[in-house]
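Since chain A is already given, all that's left is putting chain B on it; use the hints.
There are 2 protein chains.
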Amino acid sequence: MKALILFGHGARDARWREPFDRLKEKWVAQRSNVLVGLAFLELMEPSLEMAVSSLVSKGAKEITVLPVFFGQGGHLRNDFPTLLAACREKFPQITLSTTPAVGEDEAVLQSIIEYATRVI
Amino acid sequence: MKALILFGHGARDARWREPFDRLKEKWVAQRSNVLVGLAFLELMEPSLEMAVSSLVSKGAKEITVLPVFFGQGGHLRNDFPTLLAACREKFPQITLSTTPAVGEDEAVLQSIIEYATRVI
Numbered sequence: 003m004k005a006l007i008l009f010g011h012g013a014r015d016a017r018w019r020e021p022f023d024r025l026k027e028k029w030v031a032q033r034s035n036v037l038v039g040l041a042f043l044e045l046m047e048p049s050l051e052m053a054v055s056s057l058v059s060k061g062a063k064e065i066t067v068l069p070v071f072f073g074q075g076g077h078l079r080n081d082f083p084t085l086l087a088a089c090r091e092k093f094p095q096i097t098l099s100t101t102p103a104v105g106e107d108e109a110v111l112q113s114i115i116e117y118a119t120r121v122i
Numbered sequence: 003m004k005a006l007i008l009f010g011h012g013a014r015d016a017r018w019r020e021p022f023d024r025l026k027e028k029w030v031a032q033r034s035n036v037l038v039g040l041a042f043l044e045l046m047e048p049s050l051e052m053a054v055s056s057l058v059s060k061g062a063k064e065i066t067v068l069p070v071f072f073g074q075g076g077h078l079r080n081d082f083p084t085l086l087a088a089c090r091e092k093f094p095q096i097t098l099s100t101t102p103a104v105g106e107d108e109a110v111l112q113s114i115i116e117y118a119t120r121v122i
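Chains A and B, in that order, give the protein sequences.
For the first sequence, the numbering used here assigns the number 3 to the initial residue and increments by one for each residue that follows.
For the second sequence, the numbering used here assigns the number 3 to the initial residue and increments by one for each residue that follows.
This is chain A alone, in the form it adopts within the complex:
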């Protein structure tokens, strides 16, 4: 079974995660055939390993981790591969893949331009 992890930075303020919760709800509403989980790099749970473990316990065999970040800096270039490698070691029977950050996608950037056009 396939699964998606929406991977965000995390923050001290619990309200920071609201858009991530909404993303998860949207996925469940639109793509209920693919399991989904959230994970955070720091300051917030679940961690990536906790999220992978939870999805594996629900039957996931192929998990794609999608970084919900704009820019690709040290977090995505250094910390994220380390976390991903640890998960691959811990769950060798699972195919764990990843994608470019959402800020790399032209359609996501275009949606931000359209939002700006509506609110300016």
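It is possible that part of the hints are untrue.
No distinction is drawn between identical chains; accordingly, a pair holds when it is met within one copy or between any pair of copies.
Distance condition first, Cα-Cα at most 20 Å in a straight line; then the derived SDA-like pairs of lysine to any residue [stated by the list, open to error]:
1. 4 x 79
2. 92 x 61
3. 92 x 116
4. 26 x 47
5. 28 x 107
6. 28 x 109
7. 26 x 107
8. 60 x 45
9. 92 x 3
10. 63 x 33
11. 28 x 119
12. 26 x 81
Keep in mind the hints are simulated off the structure, nothing from the lab.
Only chain B this time, still in chain A's reference frame:
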């Protein structure tokens, strides 16, 4: 003259700003009648004050600051209003307004869901 500031977090890695540079280029290509600038909260320049100053020198009178953040945590709830208040004090002749973060917009969230659907 109206202007838009795309306000991001900033990072140590210069490559982190690439999506922000692309957003600015897209705005220039699509909405050349509204001036645009980037600004960063920390670790990267220009600061919000530098960006406002630059746009004012180009003739901007009404500036909208759009937070290119997903979640609204301490940065947007505490640090950002302080920076904005300092800019309003320094440029009292300019109308400085702000909008909810891009992660609050349903169409932006939907574009992320569609990106995930394409790459999973």
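Tested hints:
no., hint, in the structure
1, 4 x 79, "neither (25 Å within a copy, 37 Å between copies)"
2, 92 x 61, "within (16 Å within a copy, 58 Å between copies)"
3, 92 x 116, "neither (42 Å within a copy, 30 Å between copies)"
4, 26 x 47, "within (15 Å within a copy, 33 Å between copies)"
5, 28 x 107, "both (19 Å within a copy, 13 Å between copies)"
6, 28 x 109, "both (17 Å within a copy, 11 Å between copies)"
7, 26 x 107, "both (19 Å within a copy, 15 Å between copies)"
8, 60 x 45, "neither (25 Å within a copy, 41 Å between copies)"
9, 92 x 3, "within (18 Å within a copy, 57 Å between copies)"
10, 63 x 33, "within (17 Å within a copy, 45 Å between copies)"
11, 28 x 119, "between (24 Å within a copy, 12 Å between copies)"
12, 26 x 81, "neither (23 Å within a copy, 28 Å between copies)"
The earlier numbered hints that this structure contradicts are 1, 3, 8 and 12.
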